[in-house]
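Participant: Sequence:
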Amino acid sequence: MSGHNLPQILNEVRTKGFPELSDRHIMTRWIISSQGFDLRTPLPPFWNFYDIGVNADLGTAPIEVIQGGIAHELAEVRSHVIFGRVKSALGSLHSYFSPNHRNNVEEAIDTVVIVRGYGPQLAVAFEYLDKQIPKQSKIGLSPEKIREFAADIAHIRQPAS
Numbered sequence: 001m002s003g004h005n006l007p008q009i010l011n012e013v014r015t016k017g018f019p020e021l022s023d024r025h026i027m028t029r030w031i032i033s034s035q036g037f038d039l040r041t042p043l044p045p046f047w048n049f050y051d052i053g054v055n056a057d058l059g060t061a062p063i064e065v066i067q068g069g070i071a072h073e074l075a076e077v078r079s080h081v082i083f084g085r086v087k088s089a090l091g092s093l094h095s096y097f098s099p100n101h102r103n104n105v106e107e108a109i110d111t112v113v114i115v116r117g118y119g120p121q122l123a124v125a126f127e128y129l130d131k132q133i134p135k136q137s138k139i140g141l142s143p144e145k146i147r148e149f150a151a152d153i154a155h156i157r158q159p160a161s
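Taking this note's numbering, I'd label the letters of the sequence shown as residues 1 to 161.
The hints are simulated quantities; they were obtained by calculation from the structure and are not laboratory data. Ideal Cβ positions, reconstructed from N, Cα and C, are used throughout, including at glycine. Any given hint might turn out to be false.
[To be verified] Quick list of simulated restraints, FRET-style, between CB atoms: (1) I32 / D130: 31 to 39 Å; (2) I82 / E12: 19 to 27 Å; (3) N100 / T60: 13 to 21 Å; (4) T15 / R40: 16 to 24 Å; (5) G59 / Q158: 14 to 22 Å; (6) I153 / E12: 15 to 23 Å; (7) P62 / F83: 31 to 39 Å.
[Claimed, not checked] Using 30 Å as the maximum straight-line C-alpha spacing, the simulated DSSO-like pairs for lysine-lysine come out as follows: (8) K145 / K131; (9) K138 / K16; (10) K145 / K16; (11) K16 / K131.
Please take these sequences and the hints and turn them into a complete structure.
Facilitator: Dropping the structure here:
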C-alpha cells in the first residue's frame, strides 16, 4: 500500500500537537474513499473510539500530506471531546443545511491545527488533495491563509530580542 507507517505518524502528531488526546483510542487505516481523510466515530459503547481513514491513493504522497491530514482529523476529535458527541452531531446536522456554518467549523478546526504547529503540513495536504482528488470539498482555510496564519504564530512565539 505505502511506505507510510500510519500508526507511527498518528502517534507522532498526537504526541507533539494533541497530547490531551493520549487517553483516546484512535486508530488509522488505509481506505478507499472519495475524500483524502475521513474521521469515523462509532456510537456507544465506543465513546472513546475514533477511526481516521486515509485514502489509499495517498500511499505515495509526501509525509507532510499525511501529517497535515491526520492533524486536521485530530483537531476534529478534540472538538468532539470538548463539545461532546451530541453537540457535535447537532452541529453536523446544522452544517448539512448551512454551508456557511460548515465552512466556519472547518476554519476553526484548521486554526487549531495551525496553533498546534501543523499549519505548514496542512497547507501542503490541501494543495496535494486539490491536485490528486479533484472532488475533495474546498471548505475551510485556503493554503495561502494557513501559511499566513502559521507565519504570524511563529513570529509571535519568537523570543523578544
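Participant: Is 15 to 23 Å respected by the C-beta to C-beta distance linking I153 and E12?
Facilitator: holds (20 Å)
Participant: Range first: 19 to 27 Å. Now tell me if the beta carbons of I82 and E12 are that far apart.
Facilitator: holds (22 Å)
Participant: Between the beta carbons of I32 and D130, is the distance compatible with 31 to 39 Å?
Facilitator: For I32 and D130 the Cβ distance comes to about 20 Å; the hint is violated.
Participant: Just to be careful, I want the Cα atoms of K145 and K131 compared with a cutoff of 30 Å; is the pair within it?
Facilitator: With Cα atoms ~18 Å apart, K145 and K131 stay inside 30 Å; holds.
Participant: Should the hint that G59 and Q158 are 14 to 22 Å apart at their CB atoms be regarded as holding?
Facilitator: violated (37 Å)
Participant: Given the hinted pair K16 and K131, is their alpha-carbon gap at most 30 Å?
Facilitator: Measuring from Cα to Cα gives roughly 28 Å; hence the hint holds.
Participant: Is the distance from the Cβ of N100 to the Cβ of T60 consistent with 13 to 21 Å?
Facilitator: Given range 13 to 21 Å: violated, Cβ gap about 36 Å.
Participant: Below or equal to 30 Å on CA atoms is what counts here, so check K138 against K16.
Facilitator: Since the Cα atoms of K138 and K16 sit roughly 27 Å apart, the hinted pair holds (cutoff 30 Å).
Participant: Is the hinted range of 16 to 24 Å satisfied by the C-beta distance from T15 to R40?
Facilitator: For T15 and R40 the Cβ distance comes to about 22 Å; the hint holds.
Participant: At the C-beta level, are P62 and F83 separated by a distance inside 31 to 39 Å?
Facilitator: holds (32 Å)
Participant: Can you confirm whether the C-alpha distance between K145 and K16 stays at or below 30 Å?
Facilitator: holds (23 Å)
In this structure, the hints that do not hold are numbers 1, 3 and 5, in rising order.
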